[in-house]
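Asks: Need the complex rebuilt from these two chains, each delivered in its own frame; the hints are there to steer you.
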Amino acid sequence: MKYYVMMLCFLFFNITQSQNCNSSFYGEIHDFHDGTPIINATIFIENLNQYTTSDIDGKFSVPNLCDGQITIVVSHLACETKRLDIQVKGETFLIINLEHHIEELNEVEVTGSINPKLTKTSQETLLKTETIERYSSLNLGDALKQVSGVSSINTGSTIVKPVINGLHSSRIIVMTNGVRLQDQDWGIEHAPNIDLNTAGSITVLKGANALAYGGDAIGGVIVMEPSKIKLKDSLYGKTIISGHTNGRGYSFNTSLTKTYQKGWYVGAQASMKRFGDFEAPDYSLTNTGLNAKGFSINGGYKTFEQGFNVNYSFLDNETAILKSAHIGNIEDLVNAINSPEPLVIEDFSYDINAPKQEVTHQILKASFYKRFKNFGRLEVQYDFQNNQRYEYDIRVGDDENKPSIDLTLKTHTLKTNLKLDANSNFTYNLGINAGYQNNFANPSTGVRRLIPDYDKYDFGAFIISNYRINNDVHLDFGIRYDYNQIDAKKYYLTSRWEERGYDVDFNDIVIEDLGTQLLTNPNFEYHNISASAGVSYKINDTNSFIFNYGLSNRAPNPSELFSDGLHHSAARIELGDLRMEQETSNRVSGSYNYKNKALSLNLEAFYNHISDYIFIEPTGVEYTNRGAFPVWSYNQTNAALYGLDLTANYNFNTQWFFKNKSSYIKGNDLSQNEDLIDIPSIKTVNILGYSNEKWLHFNTELQSELVFRQNDYPNNNFEVYIPTIEETVEVDISTTPPTYHLLHLQSNITLDVSKKTDVNIGLNITNIFNTNYRENLNRLRYFADDLGRNIMLQLKLNY
Amino acid sequence: MKTLKNTLFLLLATVVFSACSSDDDNPAPVNEEEVITTLTASLTPVGGGTTITLQSQDLDGDGPDAPVITVSSPLAINTTYNASLELLNETESPAESINEEIEEEDDEHQFFYQASNDIATFTYLDFDADGNPVGLEFTVTTAATAGSGNITITLRHEPSKDASGVSDGDITNAGGETDIQAVFPVTLQ
Numbered sequence: 001m002k003y004y005v006m007m008l009c010f011l012f013f014n015i016t017q018s019q020n021c022n023s024s025f026y027g028e029i030h031d032f033h034d035g036t037p038i039i040n041a042t043i044f045i046e047n048l049n050q051y052t053t054s055d056i057d058g059k060f061s062v063p064n065l066c067d068g069q070i071t072i073v074v075s076h077l078a079c080e081t082k083r084l085d086i087q088v089k090g091e092t093f094l095i096i097n098l099e100h101h102i103e104e105l106n107e108v109e110v111t112g113s114i115n116p117k118l119t120k121t122s123q124e125t126l127l128k129t130e131t132i133e134r135y136s137s138l139n140l141g142d143a144l145k146q147v148s149g150v151s152s153i154n155t156g157s158t159i160v161k162p163v164i165n166g167l168h169s170s171r172i173i174v175m176t177n178g179v180r181l182q183d184q185d186w187g188i189e190h191a192p193n194i195d196l197n198t199a200g201s202i203t204v205l206k207g208a209n210a211l212a213y214g215g216d217a218i219g220g221v222i223v224m225e226p227s228k229i230k231l232k233d234s235l236y237g238k239t240i241i242s243g244h245t246n247g248r249g250y251s252f253n254t255s256l257t258k259t260y261q262k263g264w265y266v267g268a269q270a271s272m273k274r275f276g277d278f279e280a281p282d283y284s285l286t287n288t289g290l291n292a293k294g295f296s297i298n299g300g301y302k303t304f305e306q307g308f309n310v311n312y313s314f315l316d317n318e319t320a321i322l323k324s325a326h327i328g329n330i331e332d333l334v335n336a337i338n339s340p341e342p343l344v345i346e347d348f349s350y351d352i353n354a355p356k357q358e359v360t361h362q363i364l365k366a367s368f369y370k371r372f373k374n375f376g377r378l379e380v381q382y383d384f385q386n387n388q389r390y391e392y393d394i395r396v397g398d399d400e401n402k403p404s405i406d407l408t409l410k411t412h413t414l415k416t417n418l419k420l421d422a423n424s425n426f427t428y429n430l431g432i433n434a435g436y437q438n439n440f441a442n443p444s445t446g447v448r449r450l451i452p453d454y455d456k457y458d459f460g461a462f463i464i465s466n467y468r469i470n471n472d473v474h475l476d477f478g479i480r481y482d483y484n485q486i487d488a489k490k491y492y493l494t495s496r497w498e499e500r501g502y503d504v505d506f507n508d509i510v511i512e513d514l515g516t517q518l519l520t521n522p523n524f525e526y527h528n529i530s531a532s533a534g535v536s537y538k539i540n541d542t543n544s545f546i547f548n549y550g551l552s553n554r555a556p557n558p559s560e561l562f563s564d565g566l567h568h569s570a571a572r573i574e575l576g577d578l579r580m581e582q583e584t585s586n587r588v589s590g591s592y593n594y595k596n597k598a599l600s601l602n603l604e605a606f607y608n609h610i611s612d613y614i615f616i617e618p619t620g621v622e623y624t625n626r627g628a629f630p631v632w633s634y635n636q637t638n639a640a641l642y643g644l645d646l647t648a649n650y651n652f653n654t655q656w657f658f659k660n661k662s663s664y665i666k667g668n669d670l671s672q673n674e675d676l677i678d679i680p681s682i683k684t685v686n687i688l689g690y691s692n693e694k695w696l697h698f699n700t701e702l703q704s705e706l707v708f709r710q711n712d713y714p715n716n717n718f719e720v721y722i723p724t725i726e727e728t729v730e731v732d733i734s735t736t737p738p739t740y741h742l743l744h745l746q747s748n749i750t751l752d753v754s755k756k757t758d759v760n761i762g763l764n765i766t767n768i769f770n771t772n773y774r775e776n777l778n779r780l781r782y783f784a785d786d787l788g789r790n791i792m793l794q795l796k797l798n799y
Numbered sequence: 001m002k003t004l005k006n007t008l009f010l011l012l013a014t015v016v017f018s019a020c021s022s023d024d025d026n027p028a029p030v031n032e033e034e035v036i037t038t039l040t041a042s043l044t045p046v047g048g049g050t051t052i053t054l055q056s057q058d059l060d061g062d063g064p065d066a067p068v069i070t071v072s073s074p075l076a077i078n079t080t081y082n083a084s085l086e087l088l089n090e091t092e093s094p095a096e097s098i099n100e101e102i103e104e105e106d107d108e109h110q111f112f113y114q115a116s117n118d119i120a121t122f123t124y125l126d127f128d129a130d131g132n133p134v135g136l137e138f139t140v141t142t143a144a145t146a147g148s149g150n151i152t153i154t155l156r157h158e159p160s161k162d163a164s165g166v167s168d169g170d171i172t173n174a175g176g177e178t179d180i181q182a183v184f185p186v187t188l189q
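Residue numbers (the numbering used here), protein chains in the order written: chain X, 1 to 799; chain L, 1 to 189.
Worth double-checking, as some hints may not be accurate.
Unchecked claim - In the SDA-like style, the derived pairs of lysine to any residue whose C-alpha atoms are separated by at most 20 angstroms in a straight line are:
1. Lys410/X <-> Asp25/L
2. Lys128/X <-> Asn660/X
3. Lys456/X <-> Pro27/L
4. Lys402/X <-> Asn89/L
5. Lys402/X <-> Glu104/L
Unchecked claim - Just the calculated beta-carbon pair ranges, DEER-fashion:
6. Val631/X <-> Ser72/L: 30 to 38 angstroms
7. Asp398/X <-> Ser72/L: 30 to 38 angstroms
8. Gly515/X <-> Thr121/L: 39 to 47 angstroms
Unchecked claim - To spell it out: a stretch of chain L is covered by chain X in this simulated footprint if at least three of its residues, at any positions, have a beta carbon under 8 angstroms from a beta carbon of chain X; those stretches are:
9. 62-71
10. 149-158
11. 175-181
The hints are simulated quantities; they were obtained by calculation from the structure and are not laboratory data.
Note that the Cβ used here is the ideal one computed from N, Cα and C, for glycine as well.
With the rest of the complex left out, here is chain L (with noise of 0.2 angstroms):
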């Protein structure tokens, strides 16, 4: 009797044990949670006028294709935009808004704005709670003259906010870990 109860309980464990190797279900897939896919800059004239987008999209991730840079027309000269950002992650189905995460550790993160050629210079709007800036809200103020330049948007995290300049949105002294660059190639007329 023991010995059929020890055959059987054998038999269950082998059986148990082969359906648990034989049922090797394929892995799940992951989509990447951190990923920023899309960056988009949506900037309106001071007073009305229409919305200028500049967007920053990686369908990839980290794969092999560059991000998509599109700027939907030039700028204005001597015009002040109001500006915002918004970040997502477009592997996820609907896409997943990164702007949340953001604000939740404003502490923790800073945009810095740059211009070359001097087209443009920048101001922020948006502050944390020991009062230093985020950067997700900011105007633009466009040069006086018409040309062309890059506006480049980094975000940084963990930056040292309190270092010199930092609050300023000068990046030089910023360390922290770069969590998104986008360069975008801007005209103004």
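Just chain X, same shape as in the assembly (with noise of 0.2 angstroms):
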């Protein structure tokens, strides 16, 4: 019966409403940001099928209306579509702001869209979407190499730790989805914990220029970004698996997103890695085996105005490292470098064995921003990261599966950003963080703490303006200022102490003294200064510059303040100084594109001055019940970084194209006038290309990596007494690898199997001729050749 009655009523209501039809609706339409009117803007009236457009002020109006609810489609070229519900009631007046920026949200559909620059005057690649699927089973590393001017350093094939411009591990931030990654990246090998699978985009920035991310960053910006969300009711996913026939190996990664039009948004992504032992040419690399899980949920709500995404993700990576490079003294070092074989060969397997490393990293993220109409944009961020790292050595007795290195590194963030950009003329970015850091070392290993236990502060502010000059001249400028404290407690052996003179500089931080073992509380403040300052100049369609200079100041990490003990991958002893420095770096770089229908251009080069350049050196010989050990000590120098990127693309035609991606790059110690060590090699990648749409989009790359021997580096060899040969030999740790030459083919067709869903397989043989080399920044290179040959077979679902 209510039912009914309600029925009546809302005929009745409905009637009366259609009987008044002389209501209007008008309006005017403003750009967002600056609030000035938008002229020809298109209004659709989409239940009544009529349009109207808006005058030179913005307005428009729409007479003879019937009150009630009306849709209208809001467009105007360049800028963003709007869909409105109305209720019109007699005089009905709206202002309507649309956003003439697009690419920020990204709407359109993403395929064949040109990724926004995240800077106008930084050296900066991007890496799309379909160079990481390619590299979906490998690392990000591995991914990062299709940039010129970026190497790798290496521990085996799976532990890939990117290089930008020679430079690598604390010099270099990561950032994904908008956290910056915080996972003891101080080690060499301590591999970034980033399933590659969870980036849409990858931008590499060169030199400390991006001062949002951080000040310290004097080697590069590494930004993951998550695939763009698309507004509209849909869902959407892929799906890769891959096979390797070098070490039998296989991945599986899978996404699956819902999108609905109001900007609500969720998505989930898992994938696996399995490897098993590797093969170098002629023999198999015992213990070189990986098992990768990670999953990740993504969430949130989007519009123009405001939004927020919440995230987590999860990485566990158990990987083992190569069992002949676990030695014991360095008579077993001389005795590694003099074989031409690994000591330890054994047959296939998957097992992960000591020396192996499992860490696991977490990480949630919450963020919120809100559009603000004439002024710009606000974001805040909380994220929380949590890093467990175990390492276990082959050890003996009731220690056998327990781990020598245990740390638990936990990490609070929190950042609000503040974007101006009403003016577009004229953009701030302001923005401030504050940090909170925990390092806890298990004592339960039985193994005197590598890093201690410790609490770290930070905290940064930063602004940066743009300023537009005109369509072809943009400069950029930027100041930050950073604060680190680190409050540590760490023993030293008495003996160490002593030696180190510490007795006599740091006398009162002693807190507690057990006989053999001193407790300490180094407690240190660095304040940092970064700036930099960048011009960016379109001479015509074909010509462009850019110059920029970037100041930035690193304070040291924990391994260069505290390292004290047996390195024993490295059979060296490793010694920090709590008297360290932060280093300042002063970079200068330039670039020039040049672009026509058939050929593109890039130069990049750059000049990097740091003063206290903070390394490490070998210093002496210490004997120790298992025999002598170099010992490597963490000493402040100033240093010159200075090289030249070039990327060149030739087209023939519309099929055949060429590629040319070269680097070279010097490292000096300015101090001791000699080479810097670990400076990457000469490189250069030619690669002819050829496709066919009407072959079901066959694709092909035939690619041919020459790495030239580095002929600049320090001699760090040193004598030492080999007791069971009765002889003193000389280490030979400097001599690099020779010159290699390796040869690469990458192929995939598409198939089309519904509107909707395609299938893409790809067919990628890596190092074709199963040369044998060795590469310098392979920490495993005195030990074993690299990998030979690898068939991988990738099929790729969207869907």
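Replies: Right under this line is the structure:
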């Protein structure tokens, strides 16, 4: 009964409404950013199928409307199209704000669209989803090597750390989905804990100019962004499956996203990777497998004016380290260097035995943004990261299954960012961040702590401005201040404390004397100033330039301050120094870009002067009951790095193309007048490609990778008496491996299964000729050859 | 009421949280568990006589201090000694014997003995389950002429005991990882 009454009421109401058709709807259309009127915008009244446009003042009117709801679609060239439901009653007035920075929202289909640059005046390179997917079963470091000037420092083939213009570890910031990765990045054998599959795009920024991410990125910044959410009612996903002959590896990655036009979205992604022992051309690399698992969930709400995002990701990597690389003393190292083959070669196995590492990384992030009309965009973000790192050495007895290193690093970061873009010719970006980090080194390992327990407090504030002089000239200025405090509790062996001279300089920080060990409380503060300035100038459609300057300071990391003890995998004693000061980099760089129909060319040059550059060098030999060990100490010097990166692309026609990527870099220790260690070799990659849309979207590339021998290296060789052969020998740890040339093939086809589903089948062969080689920046080069041929088959489903 | 409850809970949480964070006890010291600080070889002449000890003691483990090497007295020429090794971790108190660990995993361990200037030869007396030598017990036979040289004792973990010469005490092909290496200057008279 009630139902009918309601129906009746409703009907009556409707009738009365439809009777008044003398109403009108009028309004103004404004630019959201600066409030200026938008001329010639189209206003389409959907349910009446009626059009009108805005006049010179942005005004429009629709007369003779009946009261009730209408749906209008407002659109303008280069603007976001807006759809609104409006209740018309009498004279209805509305101001409609349109957004012309459409790229920021990316409502449009991403395919074919150009991703916006993160900065206007930095040397930046973008890796697109397509490239990332090709490396789905590999590492971040492998994918980044596609960028000219980016190389990697490896421990075997599964622990890959990116190197930007010769700098790595704490000198590089890795951003993932807006979060600065905090995962004990100081160690050379600590690869970034990132699942490449979570990224939709990766941008590499060379140098420290992108101050919004941090002030200490002397090397550069790697920014990983998730795939853009499309604001429409949709459910989409992709699955990548791949199999490898080398290491008999297989990997699986899948993701599913549900989006709503209103702005809500939710997505999940999961991946796994499993490899057994890899193979060099002539032998099996025993104990080099990998077992990785990860997943992430992502959800939120997004409109132009406001939104929020909550994201959680989990990654667990269990990585075996070549068994022959585990050595006891310097004699074992000499034996390993002199042996043409690794000393342990066993049959293939998926087993992951000690030495190995197992790292779990979790990130929880929540962010919120709101746009204010005529003002800008405010964003607040909180993130929490938990990094659990176990390293297992070959141990005996009860300790056999106990880790040697058990570190838990917890980081909380709160940051807020305000972008003022009301005037599109002058935009400002300012932000502050505060962080707290706690490191806990579990004493139950029964091994003296490599990194002590500490609390770290960070605070940073920055302001960046961008001036658009005209369409061809952009200017950037930025300044940033960072405060870092590290409050540690560390045990020193009394003998080491005295040997370092700390009993003289740091006597006041001893809080407990246990006889053979001292408990100390180092508490250091650092104030860092960074600045950047840049200009981009587009001469005409074919030629453009970028120049920039960056000043940055980096506080010493815990390893540089506190390292103290035997590093088994390197057979050396590593010593940090409490007296370490922060390092200061002054970097100037310039880029030239040429582009015409067939040829595109990008040439990047840089000179980076780093005062108080922190590096590790051999300083003597110490004797223990295990035998002799070289001592490597962290020291500071003045250094200069400079180089040239080239990327060139030539299209012969629509099907054939040729590409070259080359990089040249030199590093000098200016104080000691010698070469810097671990500088990437000169490298040139030539690619011949062919693609034909008609043959199932066939693409193929033949890649030639030529890496020259590094001739500029410091001589760190040392002499040591080897008792078993009763001889004093020179330990050659410096001589670099010879030049090598590798040939790779990549090809793929795409089958369109249905309108929304396609299958991409890829076949990649790396090291086609199974060439024997060793890479200078692979720390296992003393022990074994690098990887032999690998054939990978990859299946990619988009739906 | 509910608000009060919530406030109380919040208060409690704050107390617990701050109690945890302000209660930052000093971290516990770590005494290296696997460090072999002391290697002692006791050499007793067959048929009786004074026991000679060769000792390498490094109480700060991997610290900067070098091991202290002591040889109690010169060895006699033309003499066979029954020798045994004792390995200790003296950073723990009481000192922990490492011998047991080696005996338990004797197939993964082997000692090697070498003498320069041919001042002595060595024979294994103990063997693992596969019949391969271990070397905690051995004999030393000195040369017939007086002289001096070094006796080197090396312990390898996971050596290839089947490799050529290894079971005869030749370290050349042994591989594995060095756990201990001590050089004793000795005189024969």
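Asks: Now tell me if each hint is right for this structure.
Replies: Against the structure, the hints come out as follows:
Between the alpha carbons of Lys410/X and Asp25/L the distance comes to roughly 18 angstroms, so the proposed pair stays at or under 20 angstroms and holds. At roughly 18 angstroms between alpha-carbon atoms, Lys128/X and Asn660/X fall within 20 angstroms of each other, so this suggested pair holds. About 16 angstroms separates the Cα atoms of Lys456/X and Pro27/L, which keeps this hinted pair within 20 angstroms; it holds. A distance of roughly 18 angstroms separates the Cα atoms of Lys402/X and Asn89/L; the hinted pair therefore holds under the 20 angstroms criterion.
With a CA separation close to 18 angstroms, the supplied pair Lys402/X and Glu104/L stays within the 20 angstroms bound. A C-beta distance of roughly 31 angstroms is found between Val631/X and Ser72/L, which places it inside the suggested range of 30 to 38 angstroms. Evaluation of the 30 to 38 angstroms hint for Asp398/X and Ser72/L yields a pass: the beta carbon distance comes to about 33 angstroms. For Gly515/X and Thr121/L, the hinted distance range of 39 to 47 angstroms is satisfied, since their beta carbons lie about 42 angstroms from each other.
For the segment 62-71 of chain L, the proposed coverage by chain X is satisfied: 6 residues have a C-beta within less than 8 angstroms of a C-beta in that chain, meeting the threshold of three. Counting residues of the segment 149-158 of chain L whose beta carbon lies closer than 8 angstroms to any beta carbon of chain X gives 6, which meets the minimum of three for the stated coverage. For a cut-off of 8 angstroms, the count of residues in the segment 175-181 of chain L with a CB near a CB of chain X stands at 7, and the three-residue condition holds.
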